[in-house]
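Relying on the hints, combine the two individually framed chains into one complex.
Keeping their order, the protein sequence lines are chains A and B.
Those letters in the first sequence? Residues 1 to 386, per my numbering, in order.
Those letters in the second sequence? Residues 1001 to 1234, per my numbering, in order.
Just to be clear, a hint being listed does not mean it is correct.
DSS-like mimics (lysine-lysine), calculated; alpha carbons at most 30 Å apart, straight line [said to hold, decoys possible]:
(1) B/K1131 with B/K1201
(2) B/K1229 with A/K377
(3) A/K5 with B/K1201
(4) B/K1125 with A/K377
Derived by calculation from the structure, the hints in this document are not laboratory data.
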Amino acid sequence: MRIRKLVFKNMMRHKLRSLLTVLGIAIAVMAFGLLRTVVNAWYAGVDASSVNRLITRHAVSFIFTLPLSYRDQIARVPGVANVTFANWFQGVYIDPDQFFARLAVDADTYLDAYPEFIVEPQHLETFKKERSACIIGEKIAQTYNLKLGDIMPVEGDIYPGSYEFVVRAIYKPREKRTDATQMLFHWKYLDERIRQSQPGREGKVGWYIVTISDPTKAAQVSEAIDDLFANSRAETKSETEAAFQQSFVSMSGAIITAMNFISFVIIGIILLVLGNTMVMTARERMREYAVLKTLGFTRGHIIGLIAGESLLISIIGGAVGLFFTFPTTEAFAAALPSGWFPVFEVAPTTIVLSASSAVLVGVLAALFPIWRATSMKIVDGLRQVG
Amino acid sequence: MSHQTIELKNVSKTYMRDSLEIPVLSNISLTVPEGEFLALMGPSGSGKTTLLNLIAGIDRPDKKGSNRNPYVNQIIVHGTDLGTLGESALAAWRSRHMGFIFQFYNLLPVLTAYENVELPLLLTKLSRKEKREHVEAALNLVGLADRMQHYPKQLSGGQEQRVAIARAVVSDPTIIVADEPTGDLDKVSAAEIMTLLERLKSEYKKTIVMVTHDPRAAEKAHKVMHLEKGELSS
Ligand SMILES: Nc1ncnc2c1ncn2[C@@H]1O[C@H](COP(=O)(O)OP(=O)(O)OP(=O)(O)O)[C@@H](O)[C@H]1O
Ligand SMILES: [Mg+2]
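Here chain B stands alone, though its shape is the one from the complex (with noise of 0.2 Å):
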């Protein structure tokens, strides 16, 4: 359809809490190319996670509403319309096309480092030497091969977010999504983390739109867009 991965159409999104609206983005028109690294900055509360949920395919825009313009509130990721797939589709579109970093890791507690960078891939048919394949070569990757078998709790938060980057990239998606990814790090792992991103865009080809509060992490990034009043801007 498009060299464009990303295309957000007149987005708007609006919470009610209790029957009180909150509007927290409108209008917001987007096109992220394909292999983009895209920075989103803005204040707190400005709606960064939000757009990223909706990229991402975890939350869904307004509905089209009483504006007869079909182009309102539409979210097109590689060609398809998120909107018009149910919750199960969108799920399984999910595993396919997404991969997750978020900023306080999200790994699950029971499992090892080898474990959880396996768990997209329960969802495949891959074979169990494929996927120990996949995950041998994630884990090499973020250079977490000697920690395999480490839990999470064994692990420093910069070690913890490079396995919930194996985890990311294991399925092999086109698009990376990451909120905050050095939020709850250091100077040093930030910079480890960011370079891992920095090399996922360029070696491995993957789009990547990041949140962040952090200026270096934003260097980084192509192209830096702020948020603001539930406005975008470059």
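Next comes chain A alone, as it looks inside the complex (with noise of 0.2 Å):
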């Protein structure tokens, strides 16, 4: 017989006690993972923001748009290198819950501003000559069981009417963070089509995307691009994309940085759970440390009776909710509208602390028994009854 025999039956004593105490652990640590995976999808769509990117919309919100006579003057603009633009299309594909980006683009200079969608160079020349031909993203491919050459109707929504697309191209990813599941069109089909639906409302352009050369000049150059439009009838607004979608998603932002926050309140649960349960368990034992002392046992064998116990527990239950973030998170993901978080997986980092605070409560909840336990003078730990 070992220490480590004695440490794993005092766990067995109270099965019922110790088995509740893992589920609540793993519980938590499952929860922590999936707040922690939602948190780090939603900053995944603003770290895949280039900064050299400026997204140049109206001023008022980006649900207004912009001329298309702007497009020359913020070219022109020192520091600008690239100039092109999207509208949001949004419109109904299948049925108003398939959602994911469905932008008019200008179709000629579009992808030279975003490198981290890599399409086959015959196919773009073949998307740019066909006006009603469109991109899609990879997952978006996967998705629905998209191949080339296949139409996709979409039921427009913002700008009414029925499409239909072929798509030409399919675009990967340069990155694992890198959106794929966009769906991009030509501008100027959509610009004839109002022109013949809704005259006078052509022309409009949703947002420009300005390459600039030099990402540390992206303030100048924005307050140069809205100084051209001050007052005029449209004012603009530039900054860098990180911020443009960081405004896009701000409405949520609270609700994110209440879940960033609740996840770490969860590791304090934890603790309470589990020091609850050592708190108890040194207790009723008191006595039998007092015994143990007794007979020629250290110091350090109490801590590591005590510690080794609480250890067992915290990393059971941390592995069993680790184990089940996963598949929850899959779960989560697949009950989600498709496209609502471009990257949507458990990170390294939450997965280390994961596991690294299942670990720093095992240790916490065993500091104050093994306080209680080796303060505790032998006589009168031998005097407590029961």
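Shown next as structure tokens:
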């Protein structure tokens, strides 16, 4: 027999209590992992933005459009390398739950600004030549089982009417965090349809994507662009893409902050769950610790017994929780409208955080009982009844 | 140093409860020769357990104090002045020299009889095989070799106490301290325990200090001393 065996037997003494504690820790670790994953997915959208891209949009809100004529004016601003533009088309593909970004873009220049979308050169050429062509992200192609040449019917909502697009290219994401769930088609095609159905609404651009030559000049270039249109009917607001996306998500930003906070509150709850068990355990066993000390067992042995049991419970709970984090996040991702988060998976840092907080909690929960048991005088411990 | 196994020189013990001093033992001097079986008797609260704990090295007497006599509050066991040992040295010393028997047995409920007896051996460097031999010998001595896989709650009080005796002798200490070892037992079981203690004394030459309320138990001892109002008398 070893001390280790006593640790194990002690844990099995109150099977139900240990089981409930393990379960509590497992559920908390799982919730922690899930929350961290949501928070990470959120910021991945922001991280994926390029720092040398500015987004110029209507000063009031990105739902208002800008005149196409701004394009040439922006292109003349010093420090601007390239200008392209896009409109938020949205529309309904299959049914309203099938959410992914559908954008009308300038076919000739848009992909130059997005080098992280990798497209076969000859496919890109075919796309550029055909009015009703579209490019879709790899994930969209997989999700809807779409191949080159397939037709995608989309019902317009912001821009009413029935549209049909032919898939002419499928882009691959350059990095894992690159959004592979977009659908891009010709802005000109949309503009023509608008000219026919709603004359007067044509020639409008949702936002400009401005590639700048020196990312450190982002602030100056933004200011120069916005000064250009100050006091016009459509004033602009330019910011880096990261900031743009952040404002895009800022409505829910508070929720994300709360989730971020709650994920760490959960760690505190695990500590309370295990701490409570360990305190109860230690109180019941003061007399046994006194007997062990009487027999000559040292402070180190007692610390090993208590910390060992605490760690055993927290590590089993943490492992079970971590194990179930993966299917849970997958189920959660599946329940979300697809495309909400371009990247949704358990990050290595989340795994490390979950595991290390389980261990940390195991250590912390043992501190008080260890202090009680080691500072207790043998004679007082032996005097305790029960 | 001497043929006296245990020597107490002018030992006093005062407990502090809040700011109140409770004198329990005052100036106790006592010598126990090697191989003696001493019974300590006295009314409840007279300090018998306290005295036993001091001898066993699980409690300490008052500090030497203002009295200039260096022999005050000194406890010497096998030539070692316990006052000179630190906590961990004292713990190691206990595991080598002392066997403990308690009124309520104090077995660990999660361990089998065998494992409970093996407990003190975890602190030794014996091999697995040697440990097993020692444990089996100790359980044989108390007549419970057939019960070694039983847990304490599967045993009667008397059997539990016999397991506790096996645990006390398994590491072959020279001194056994027993605090009311028959206090919680019926007559028959108590008699069995006393027979065992007698055998430890006569066959295994252990020095035994036993606290008891039971005159029948005290009869088995060589010597009976009475503790009353902090003073010891024969
Ligand atoms: N840790 C302690 N703190 C305060 N007072 C104590 C402590 N231990 C013992 N006492 C007091 O010291 C006195 C002697 O206690 P002790 O347990 O030695 O008596 P005893 O003779 O063994 O009694 P009993 O026959 O009931 O076991 C009692 O008044 C007790 O209340
Ligand atoms: Mg007592």
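Original post:
Holds or violated: are the alpha carbons of B/K1131 and B/K1201 at most 30 Å from each other?
Top reply: holds, 23 Å
Subject >> Pair hint B/K1125 and A/K377, alpha-carbon separation not exceeding 30 Å >> reply: holds, 27 Å
Original post:
Does the structure keep B/K1229 and A/K377 at a Cα separation of 30 Å or less?
Top reply: holds, 24 Å
Original post:
Regarding the pair A/K5 and B/K1201, is the alpha-carbon distance no greater than 30 Å?
Top reply: violated, 34 Å
In this structure, the one hint that does not hold is number 3.
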